[in-house]
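Student: Okay, here's what each chain looks like letter by letter:
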Amino acid sequence: MFKEMHDLFQWAWLIPALPFLSFLIIAFITKRSKRLSSTVSILAILTSLSLAIAIGLGVIQAGKEIVEHPAIVNVNWLNIVGLQIDFGTIVDPLSAMMLFVVTLVASMVQIYSLGYMHGDEGFSRYYAYQSLFASSMLGMVLATNLLQLFIFWELVGLCSYLLIGFWFFKVSAREAAKKAFMTTRVGDFGLLLGMLFLYTKFGTLDFAALSAALNTNFQDVLVIGTAGYVTVMAFLVFLGPIGKSGQFPLHVWLPDAMEGPTPVSALIHAATMVVAGVYLVARMYFLFDFASPAALQFIAGLGAFTAIFAASIAIAQDDIKRILAYSTLSQLGYMMFALGVGSYSGSMFHLMTHAFFKALMFLGAGSVIYALHHKQDIWDMGGLWKKMPITGTTFFIGVLAISGMPPFAGFWSKDEILANALHNGHPIIYGVGLFTAFLTAFYMSRLFFVVFMGPEKPENHPHESPWSMTIPLMILAFFSVFGGFVALPEHNFAWYIHYGEFHHEAIAWGLAGISVLAGLLGIGLAYITYVKKLISAESVAGQFSGVYKLLKNKYYVDELYLWIIKNIMDGMAKVLYWFDIYIVDGIVNGLALVTRGSGKVLRRTNTGQLQTYAMVFFFAVVVIFMAFAIGESQLAAINPLATLGGAK
Amino acid sequence: MMNLSNLSVGLSTYLLVGAMLFCLGLYGVLAKRNIIALLMSIELMLNAVNINFVAFNRFLWNQKIDVHYLLTGHVAAIFVIVVAAAEVAVGLALIITIYRNRRSTNVDELNWLKW
Amino acid sequence: MSTIVFFIFAILAIAAAWGVVTSKNIVHSAFYLALSFAGVAVLYILMNADFLAAVQLLIYTGAVAVMVVFAVMLTLRGDVRESNPENRSWFVGALVAVSVFAMIALVVLTNADWRVLATPWTGGGSAEDMSLLLLSQFMIPFEAAAVLLTVALIGAVILAKGVKESK
Amino acid sequence: MSALPTVESMSMLLPFTILAPLVAMLLIVFLPKEETKTIKIVSAMGMLVSLVLSLYAFLTYQWAEGGMQFTLTIPWVPDLGVNLALGVDGLSLPMLLLTNLIGFASIYASWNIDKRVKEFFILLLILIAGVMGTFIARDLFIFFLFYEIVVIPIYIMVVIWGSTKRVTKEYAAMKLTIYLLIGSAFLLVGMVALYLAAGANGNPTFMFDQLAARQDLYSPAFQKVAFALMIIGFGSLISMFPFHSWSPDGYAGAPTAVSMIHAGVLKKIGGYGLIRLGIFVLPVGAKFWAPYIATLAVVSVLYAAFIALAQKDLKYVVGYSSVSHMGYVIIAIAALNPTAVTGAVGMMFAHGVMAALFFSMIGFIYEKSHTRNIADLGGLAHQMPRLAIGFVIAGMASLGLPGTVNFITEFTIFMGVINVFPVHAVLGIAGIIFTAVYILRTIANVLFGPRRSEWDHLTDIRGPELVPLVLFGFVIFFAGIFPNVLLGMIDTGVTSSGLAKVLETVSQAKMGGLF
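Note that the protein sequences, when read in sequence, are chains A, B, C and D.
Start counting the first sequence at -5; every next residue gets the next number (this note's numbering).
Start counting the second sequence at 18; every next residue gets the next number (this note's numbering).
Start counting the third sequence at 233; every next residue gets the next number (this note's numbering).
Start counting the fourth sequence at 40; every next residue gets the next number (this note's numbering).
Hints may contain errors.
In silico lysine-lysine, DSS-like type, Cα no more than 30 Å apart, as pairs [unchecked claim]:
id: 1; chain 1: A; residue 1: K543; chain 2: A; residue 2: K381
id: 2; chain 1: A; residue 1: K380; chain 2: A; residue 2: K594
id: 3; chain 1: D; residue 1: K540; chain 2: D; residue 2: K263
id: 4; chain 1: D; residue 1: K351; chain 2: A; residue 2: K164
id: 5; chain 1: D; residue 1: K263; chain 2: A; residue 2: K568
id: 6; chain 1: D; residue 1: K407; chain 2: D; residue 2: K76
id: 7; chain 1: A; residue 1: K380; chain 2: A; residue 2: K451
id: 8; chain 1: A; residue 1: K568; chain 2: A; residue 2: K380
id: 9; chain 1: D; residue 1: K351; chain 2: D; residue 2: K204
id: 10; chain 1: D; residue 1: K407; chain 2: D; residue 2: K540
id: 11; chain 1: A; residue 1: K25; chain 2: D; residue 2: K407
id: 12; chain 1: D; residue 1: K204; chain 2: A; residue 2: K568
id: 13; chain 1: D; residue 1: K204; chain 2: A; residue 2: K594
id: 14; chain 1: A; residue 1: K526; chain 2: A; residue 2: K451
id: 15; chain 1: A; residue 1: K369; chain 2: A; residue 2: K546
id: 16; chain 1: A; residue 1: K25; chain 2: A; residue 2: K164
id: 17; chain 1: A; residue 1: K451; chain 2: A; residue 2: K164
id: 18; chain 1: D; residue 1: K407; chain 2: A; residue 2: K164
id: 19; chain 1: A; residue 1: K568; chain 2: A; residue 2: K546
id: 20; chain 1: A; residue 1: K560; chain 2: D; residue 2: K76
id: 21; chain 1: A; residue 1: K543; chain 2: A; residue 2: K568
id: 22; chain 1: A; residue 1: K560; chain 2: D; residue 2: K157
id: 23; chain 1: A; residue 1: K594; chain 2: A; residue 2: K568
id: 24; chain 1: A; residue 1: K195; chain 2: D; residue 2: K540
id: 25; chain 1: A; residue 1: K543; chain 2: A; residue 2: K526
Per the computed footprint, the stretches of chain B lying under chain C, defined by three or more beta-carbons under 8 Å from a beta-carbon of chain C, are [said to hold, decoys possible]:
id: 26; segment: 34 to 41
id: 27; segment: 55 to 67
id: 28; segment: 86 to 99
No lab work stands behind these hints, which were simulated from the structure alone.
Backbone N, C-alpha and C fix where the C-beta goes; we use that ideal spot for every residue, glycine too.
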């Protein structure tokens, strides 16, 4: 039984390979034909999706065996002295879940883009990038070792760069793409370092081997170092996720990344790429677990801080995509602190449900933006539900899901995280999480009420989007509603995806009630503020104008970074350039000047008078004769070459 | 240092005569302005060299060598004379040419070798 | 006897050379030169180099000195009494010349191998002996010298004749 | 040449490789100078033959056997121990292939040249043949001879076909030449010293392997002095701080093909020489100087990366970036372990391909728009999408994106260095952040942004101009996705040539000194 499954799992490499093939086909063959390019790309991703589903079903069927013994296939990739790296695929419940989520959202987004990107000049290029992205992301999910993961991790970043800057003629898009790449690069620096230290210490980057090394001969390994060493490596590795998953203080690129086409935001900057950091921490969880508790506490603290930090900014934003972006940041913080507090399953669960409803909301927002001809300010919108019933309804489902309303998907995952936080002894983090849940519900419903309810704006002539766009919405809405049920009846999700020993935990209905209450409170507050207008948002903002300004300007973090880059980095560059031109080159040119100057002086000896030359000649003869007369032996002693060549 | 008996005509004496002629010629080359005087001084130096050739041949060579090669020093002197004759011919022709172009035989003014 | 002859003619040759380089009149210099050459020729005879002495007289005293005089006549301008001046750095030249002489003299006088008197002359020195050597052992240099002389002759003619300016 | 595959004529493979461009050059000499098209085609054919031959050598090299292969030894000046000895191993074969790749592409990168075409291609072919010679020489004398051959065409080419921007082309040419010559003067002294020391047993030799085998003839003091000479000579060639300042100015002044060859392969002679001559022959000296070299290398990396941030001219950006990247090579050599040395050679290959692609793309931009000032350019992706692809590939390779060959070589270097010089390595790795900043800025400002009407007349690269892009793009990704092809080859060079053993001894000596 398992053998047959194993045969199936061996073909997992096809899942990333197919989109890559489609990328090559589009880039080299079909790029002139928009229809062909999109068809190739969508066909490839749909095939991958069906393969992913097959593997997912296989995993479910294999059950206990695959949970305990992941199916790993490795092929040697690089083999030199001091560096052996394999490439391979790992199939376990975690990767199967990720494969399903990524292929699903990617196919939905690609189908959706048929409508959204219709008529765009770079249509083929868009699908090429999409295929490349899907391929890299899936390759990353299947990675069996850290280096392989890193390679795809960076390729995902490249695709993100290309897709954010897809409309490269817009200066803002260009700058956003650049910023995204640079910011994540800072994190990658840490990840790279962590990887190097891990390899030098353990001689492998393979997840299974690393885990085994840490588990079995932990004491032997620490002969050289101490537990602190592992902690340092854990912190370094965690720098990567900080950049990729937009944790504070490297979160600044994600809101700007909204300059890309909206489907891209849905796919890359909400559902898949940004959770790569979370996925990495989950894959490397054994490392964080073995490091001193400070590592996990740090992750929990940073995640919680990011969650509330981003949520508070989201309240004061007006751009529909930016609100969603900050919401994404906040939810990523959620997943991160879930890992930090030990809610491994909860984090992965939330990763999955969040992918469904956040992709749904982004695509919904895209639908709105499409209908309103690229207006993005929520105050320019209003009363769209009537005009766009499918978009409106599905968006509402998304809002309920993210607010943690039962029985929508977000409820189950969020509840589990919060319950675990309290249960594992992190009351402060629980409090922060709860408050963030309240804020989330508030700003998401604010968004919904302002955009879809309220008075219509006469200058808008919205109409429902074409089928290619609404069908993905409906499919994602379906998963947002029912996705959470995988936790039932006996927490099956956690049975498959867990770390260490599996503890069966019943759903804590009491705690769940509290978080639902917080969500309801948020929705209610938004309702009375923005629909009933019982509280004037303006007067509140006016009353706390300082706080409002701070939130509106995102705590001035961007400004701070800009200042640092402008003044410190570029300033240093200028200083060093000055140094190079005037000191280093100055010395060189100075030497040249000395040579030239001495040449100018010595030139005068060249009188052109033969008699002078003859005089010097004979004078030199006399001098040399005298030198030899004084003694050959002394001369030979100071012959430098004789010393250099002969010494032994 | 100098033994009076050595003042009888030995090799050193010839060599010293040659050296004196050579240095007088050298002085002429270094100190005269007229290019023809330079040429004459050079002839003096060549003569000094010839004296040396012949003197070495006379005093050192004939003790050591097979009789067929006895006059090698003379042959060398002959060649020097040949070269000197050729040199004088060409040199004087050059001087006349220069004089024709420059209206001068003054070495001080012949400094176009300067860069 | 030969010692006296030697000293007479050696001093003559040196004194004439002195005259060559000090005379203010270039024509006088040319005559002093001829005299010096003649003195050297006598020294050659004293060294049993009869043929060489003849060559010396013929070529140097006869041909070269006369050629120089012709050249002087062809190029002489201005006052003949100031025709052979010293240049500005004559004193330095003199110093260098003296130091070179000191150098050579040092070598000559300190070299014990050279402190020899004449041994009886065994070889010839006649034209016959010379020709034997020149036409056997030094055949190729001899031919080369012939070519050299021819080239010098042609070169001298061309140079002295000058290139036609207009054409 | 049809008889190539037989065993006997195998030894003639390398001579043919180096003769192909020279024969083409001779043909061009006898072509009338108006026949520019024919001249270009003949050069391309010559280089194609060379490229195919070196590719053949690369593919048929016996990994299992290792060591020098395709060898040819002809005594040249037996009294001095000079042999015309050619041969390649895993260290030099990638460099030979690189030379031919870049040489071939540089012909196409200069396809549009119209000033003194005949002379240009003659000099270019001599240059390429000279560089090739340094990599296939097994004899120090031959190595040095070829190296000196290289300098002269460069000077002439920069002066005649160069461009004057911040500095005049004459200044650039002079600086380039004098730096290289001063470097080679130090080398010459070191070489003569080495020769004398190795010849102390009465059996003079210039052969690399012989020199390396006579360790007992070199005292530690001698090794230190001789290695110092080598590091100044090769260090200025590989543009190690503070001997780097010829590099940006030189590249900026040089015509495209010279920039490509210079940044692509010529610079690498420095690194190659340091390994072949420095580490092999003078391991004790190398060990003594390694910490200082590593420090200078890290300074190179960071310093040049920062300066690249402040540049306004495209060629200067790439010029300083190549200084920065060469810092990684130097630190890897200083680390003195097999992994790092493998990485260093790999990095030289990777950087060569990348820099050549970069310079050829910049060359096309300059040729068409007559400016290299970043502020004047912008939005070129609209008018020249294919060029933009090449530019982005080069940029991504430069910042070490995985999937390109540059990443895996950089990674190998870091892996080798981090044990030996952890602090240096961390600082050096931080350099990748700044590299990303200046590369991304450049790409963004040149290619992206709103369409500019003043560049609407520019035509995209097409026809022969595409050769560099296709060739280098293929190599960058192929070797990046299948790194064993390149790094495995270098690895055989490191292990089979005895380098690994030398390095092991040295590193053990180091451990002994430490504990």
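Student: With reference to the structure, classify each hint as holding or not holding.
Tutor: Outcome of the hint check:
Proximity of K543/A to K381/A is assessed by CA-CA distance (about 34 Å); at most 30 Å being required, the pair is judged violated. Between the alpha carbons of K380/A and K594/A the distance comes to roughly 90 Å, so the proposed pair goes past 30 Å and is violated. Taking the CA atoms of K540/D and K263/D, the gap is about 20 Å. The hint holds against a cut of 30 Å. Between K351/D and K164/A, the direct Cα distance comes to roughly 22 Å. Compliance with the 30 Å bound is thereby established for this hinted pair.
Simply put, K263/D and K568/A have alpha-carbon atoms about 37 Å apart, too far for the 30 Å limit, and the pair is violated. Of the supplied pair hints, the one linking K407/D and K76/D holds, its CA atoms being roughly 20 Å apart against a limit of 30 Å. Among the hinted pairs, K380/A with K451/A is consistent with the structure: their alpha-carbon atoms are about 12 Å apart, no more than 30 Å. At most 30 Å may separate the alpha-carbon atoms for a hinted pair to count; K568/A and K380/A exceed this at roughly 58 Å.
Distance restraint check for K351/D and K204/D: the Cα-Cα separation of roughly 11 Å lies within the 30 Å cut-off, and the hinted pair is therefore satisfied. Between K407/D and K540/D the CA atoms are separated by roughly 52 Å; this puts the pair beyond 30 Å, and the hint is violated. Pair hint K25/A plus K407/D holds up; C-alpha atoms about 26 Å apart against a cutoff of 30 Å. For the suggested pair K204/D and K568/A, the alpha carbons sit about 19 Å apart, so the restraint of at most 30 Å is met.
Using a Cα cut-off of 30 Å, the hinted pair K204/D and K594/A holds, with the two alpha carbons roughly 28 Å apart. Under the criterion of a C-alpha separation no larger than 30 Å, the hint pairing K526/A with K451/A is consistent with the structure, at around 18 Å. Using a Cα cut-off of 30 Å, the hinted pair K369/A and K546/A holds, with the two alpha carbons roughly 19 Å apart. Among the hinted pairs, K25/A with K164/A is consistent with the structure: their alpha-carbon atoms are about 23 Å apart, no more than 30 Å.
Between K451/A and K164/A, the direct Cα distance comes to roughly 28 Å. Compliance with the 30 Å bound is thereby established for this hinted pair. Taking the CA atoms of K407/D and K164/A, the gap is near 24 Å; set against the 30 Å cutoff, the hint holds. Restraint check for K568/A and K546/A: the C-alpha separation of about 34 Å exceeds 30 Å, so the hint is violated. A distance of roughly 50 Å separates the Cα atoms of K560/A and K76/D; the hinted pair therefore is violated under the 30 Å criterion.
Proposed proximity of K543/A and K568/A is contradicted: the alpha carbons are some 34 Å apart, above 30 Å. With a CA separation close to 48 Å, the supplied pair K560/A and K157/D exceeds the 30 Å bound. With a C-alpha separation of about 35 Å, the suggested pair K594/A and K568/A falls outside the 30 Å cut-off, and the hint is violated. For a cut-off of 30 Å, the pair hint linking K195/A to K540/D stands: about 23 Å separates their Cα positions.
Using a Cα cut-off of 30 Å, the hinted pair K543/A and K526/A holds, with the two alpha carbons roughly 25 Å apart. Counting residues of the segment 34 to 41 of chain B whose beta carbon lies closer than 8 Å to any beta carbon of chain C gives 7, which reaches the threshold of three, so the coverage claim holds. Proximity of the segment 55 to 67 of chain B to chain C, defined as three or more residues with a beta carbon under 8 Å from a beta carbon of that chain, is established by the 7 residues found. Counting residues of the segment 86 to 99 of chain B whose CB lies closer than 8 Å to any CB of chain C gives 11, which reaches the minimum of 3, so the coverage claim holds.
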